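Please build the complete structure, drawing on both the sequences and the hints.
Protein sequence lines, in the order shown, are assigned to chains A and B.
Residue numbering for the first sequence follows numbering that gives the first Met the number 0, beginning at 0 and increasing consecutively.
Residue numbering for the second sequence follows numbering that gives the first Met the number 0, beginning at 0 and increasing consecutively.
The hints are simulated quantities; they were obtained by calculation from the structure and are not laboratory data.
Since the structure is predicted, the reported quantities are computational estimates derived from the model, not experimental observations.
You may find that some hints are simply not true.
[Unchecked claim] Covered by chain B, per the in silico footprint, the following chain A stretches (three or more residues, Cβ under 8 Å): (1) 174 to 188; (2) 193 to 199.
[Said to hold, decoys possible] Just the calculated beta-carbon pair ranges, DEER-fashion: (3) 134(B) with 133(A): 46 to 52 Å; (4) 140(A) with 218(B): 34 to 40 Å; (5) 192(B) with 269(A): 56 to 62 Å; (6) 193(B) with 137(A): 41 to 47 Å; (7) 198(A) with 114(B): 46 to 52 Å; (8) 45(B) with 28(A): 53 to 59 Å; (9) 250(B) with 112(A): 56 to 62 Å; (10) 126(A) with 57(B): 27 to 33 Å; (11) 218(B) with 133(A): 55 to 61 Å.
Ideal Cβ placement from N, Cα and C applies to all residues, glycine included.
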Amino acid sequence: MQTASTVDASAQAAAAQAAAASAGMAAAQAASAAAGRRRARLLALRRILLPVVAAALFLLVWEAGTRWAQVPEVLLPPPSAVLDRLVSAFPLLMKHAWPTIWQSLAGFAIATVLGITLATLLSASTIIRETLYPNVVFFQLIPKIALAPLFVVWFGLGPEARLSFSVFVSFFPVVIATLAGLDNVERDLLRLCRALTASSWQTFVSVRLPHAVPYIFSGMKIASTFAIIGVIVGEFITSKMGLGYLILFASAQAETALILAAISVLCVFGLAFYGVVALCERWTIERFGDRPR
Amino acid sequence: MQIHADPAADPAAEWRHPQPVAPDRDAAYLSLRHARKVYQTRTGDVEAVGLANLDIAAGEFVSILGPSGCGKSTLLSMVGGLESVTEGEIWLEGARVTGPRRDFGYIFQDPTLLPWKSVLDNVLFPIRTQKRPVADYEAEAHRLLEMVGLGEFKAKRPRELSGGMRQRVALCRGLINDPRLMLMDEPFSALDAISRDDMNLALVRLWDSYHKTALFVTHSIREAVFLADRVLVMTARPSRIVADLRLPFARPRDVTVQDTPEFNRICAWLRDQIQAGYGRPEQTRGG
Ligand SMILES: Nc1ncnc2c1ncn2[C@@H]1O[C@H](COP(=O)(O)OP(=O)(O)OP(=O)(O)O)[C@@H](O)[C@H]1O
Ligand SMILES: [Mg+2]
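This is how it looks when you write it as structure tokens:
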């Protein structure tokens, strides 16, 4: 009897203790959850703040350094001078930015469509693949910038030369990445398709293509920067318009501040372009991709 | 098998399948005729299935037991038309199997779900692929998912599920198109003991009502005996079928058959057979 009652009493004590502990635990949990959220916010803030601070510091050192050492403006103007030039020459910069922007965007779009199409053909047919893929790899390896003058020979002095060269440069990363995505599907998934008597078109649409989506986007992100490079190089070679032309023109005039202003515009455009592609990627992968909603 | 040197003393005589091969093989539902599979690999030939010669009647639930790597999955793939037969033939309903068919239901050893589709869409994947009217099968998909306890996970992606839950989704997917022949390759091996019992019961209940033919590979002897009408035992490679039992348990099958002495005797006998198939001496059996 006695043992039973001690057991009983100790059980009660344990229960009370557990209740107290669970109440305390709930409070502690809530507190730690709030702390966790705060920490996450701080971390997010830090990820944005740190690079911005670093860049600001860099500009500050640049500004102070050029002033203190009295570097001639032709050699390296301070950021404030670049900003002045950017403001004063803004209409000129925009006039020249427009052709560069539309040609890069168009070059990128055409390269993406062509790249995905070619990759589809390569993955669909062994014959096409055996014929073309080694050549694609070969072209991928040669320094494509060296071919830019040829495009002027072929397409003349108009925007066609720059557009086609931009397509040419940005097309390869899309092909290679898309093909990797279409090919690297787990064999078990292909087996499943076969077991369900899916046609190869169905397998392509319902398995290969969705699997390739993240790969395609990583190719597109590279292509977005390559497309701009293609246009700028084209403008360096021959053009009467565009930021590449403006940079060349300004360097002939020894207008270093204008060069840097044009480059700043280019940077903002490139960043925005890349950002839009990255946002599309996130949206697409969240909708159709592998990541949990 | 040296332990059964005297056929009269064969304790399994009463359970042995009287007719592994039907008298009229062309009339059999599924007929494996001296089927053999050799994989050609870089390091040489691998004889995955040495010899399979048997007939299976329509509506039979056949469990296949055997050591790992003995060719059970290969056998299933050949029946399902996913692997070619190196020698011999496989016939189904009077026609040679040359490739997969729409009315097969597969459950692979791995769940192989589409990671970018929801659980429900994964279950409906065969329907969409085979261009059947999705509306006709949606209710069935929901019912199957409820049955395996995934009612609340229909909108989730496979990545958000545990391994055992994924395997249950694959089970639903295998059943959704109301297949005539089910090919199941260790469908429950990733489940915990309790869910495994639940799934076994669900499968047995399913077979109470509709009689489909099934080949069911498993490593669990009790599972094999509980589910099946017939149990095959394969040896290690080059594999042959060394035992073919017709189980004396009626359908609808009750959970309590597992407690009968006969059930346990059959399981013990099968364990000996499998051990012999490993090529190990009998004494290694512990306990
Ligand atoms: N595609 C393949 N190419 C070459 N060899 C293979 C292939 N698939 C299986 N094998 C070999 O065939 C043998 C049988 O494999 P299988 O997958 O059929 O075994 P299993 O009985 O299903 O084994 P487990 O119980 O481990 O799943 C193994 O030795 C394996 O190495
Ligand atoms: Mg296997």
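* Asked: Which numbered hints does this structure break?
  -> 4, 6, 7, 10, 11
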